[in-house]
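A.B. asks: Chains as they are written, first to last, in our numbering: chain A, 1 to 260; chain B, 1001 to 1070.
Since the hints were made in silico from the structure, they are not lab data.
We put the CB at the ideal spot given by N, CA and C, even for glycine.
Among the clues, some could well be false.
Straight-line distance between alpha carbons at most 16 Å, and here's what the computed EDC-like set of lysine to aspartate or glutamate pairs gives [stated by the list, open to error]:
#	chain 1	residue 1	chain 2	residue 2
1	A	K225	B	E1020
2	A	K194	A	D38
3	A	K17	B	D1007
To give an idea of the chain B side of the interface with chain A (calculated C-beta under 10 Å), a few residues [unchecked claim]:
#	residue
4	M1001
5	D1007
6	N1037
7	T1057
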Amino acid sequence: MTTQVFKIPESLRENVKYSFCPGCDHGVAVRLVAEVLDEMELKEKSILVASIGCSVTLYDFLNVDSIEAPHGRALAEATGVKRARPDKFVFTYQGDGDFASIGLAESLHAALRGENVSAICINNTTYGMTGGQLGPTTLLGQVTTTSPTGRNLEYYGYPVKIAEHVALCDGTAFSARVSLDSVANIRKAKQAIKKAFEVQRQGLGFGFVEILSTCPTNWKMSPSKAHERVRNEMMKTYVSGVYKDVTSGEQAHIMRPSFV
Amino acid sequence: MSRIVIDSDKCKACYLCINECPKKLIKISDKTNSLGNRVVEFDDPKGECLGCAMCATRCPDLAITEVYKG
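Sequences and hints are given; from them, build the entire structure.
C.D. replies: Written as structure tokens, this is what we have:
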């Protein structure tokens, strides 16, 4: 007997064709979100707050009600939507430039207020849509169009570790960092997204997942080389794992100060 | 028999699926699609496909639309 083990999720539009570059992990992330919406039967009550960046045309792909936020203000809009319609399931899908650069105040304050929304942040260590400029998450030494000699510590400072920052906020119910560099990690990423959505359904607070992703076009690499970079370089600085989970009963591993 | 279905119009020729397949059943074909990409094809003459769906999980563009196991 033959069973179907994979199909296109119903939460995606029919005959969807992504506008992302070849090999971009955005496609995988959008599919995982759609699969989780299918499995949790949230499609009919979801409101997506899309952001500015490569994720700007998300309403073309996901078959849910959506609203477009100004650059960086996705979580401020999501706050308003959720407070006006607390029965709805509200989530945002943002890039690292949107979440952690221009929108850092909105994002962290949404976490500090413990807003009952979920946020997905795609971290590809650069501004992808505008042509690969230096972003807040750019690794030290990484060459971008605005840092042609590599990110320099004295001039630009350190990259921001978003999942850790969000985990430190008291209103956060779930914060995790996952990667899409291998099939095993893609499956873990789906579990993390599911958990972040589940805490909103239970009304526990802010749910957050940072997804390490590739940008083969702006990194000027082949898609498979880009995944090697995620594994060998990005995952050294951005360690994946669950940083806060109020449902598990134990605190996250990074929360202990080093002098203890 | 396990098999996959490839929508070649969606393939953007990133070739990530080729490395994922444990039986190396996905190959670069001679055909080009409407986007001008050399698309991949599923070549399984001996019926070796496991139906593991790793290629579909990896594919960023949903070009592998269905996987059947059995």
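A.B. asks: For each hint, tell me whether it holds in the structure or not.
C.D. replies: So, going through the hints one by one against the coordinates:
no. : hint                : in the structure
1   : K225/A with E1020/B : holds (14 Å)
2   : K194/A with D38/A   : holds (11 Å)
3   : K17/A with D1007/B  : holds (11 Å)
4   : M1001               : holds (7 Å)
5   : D1007               : holds (9 Å)
6   : N1037               : holds (8 Å)
7   : T1057               : holds (5 Å)
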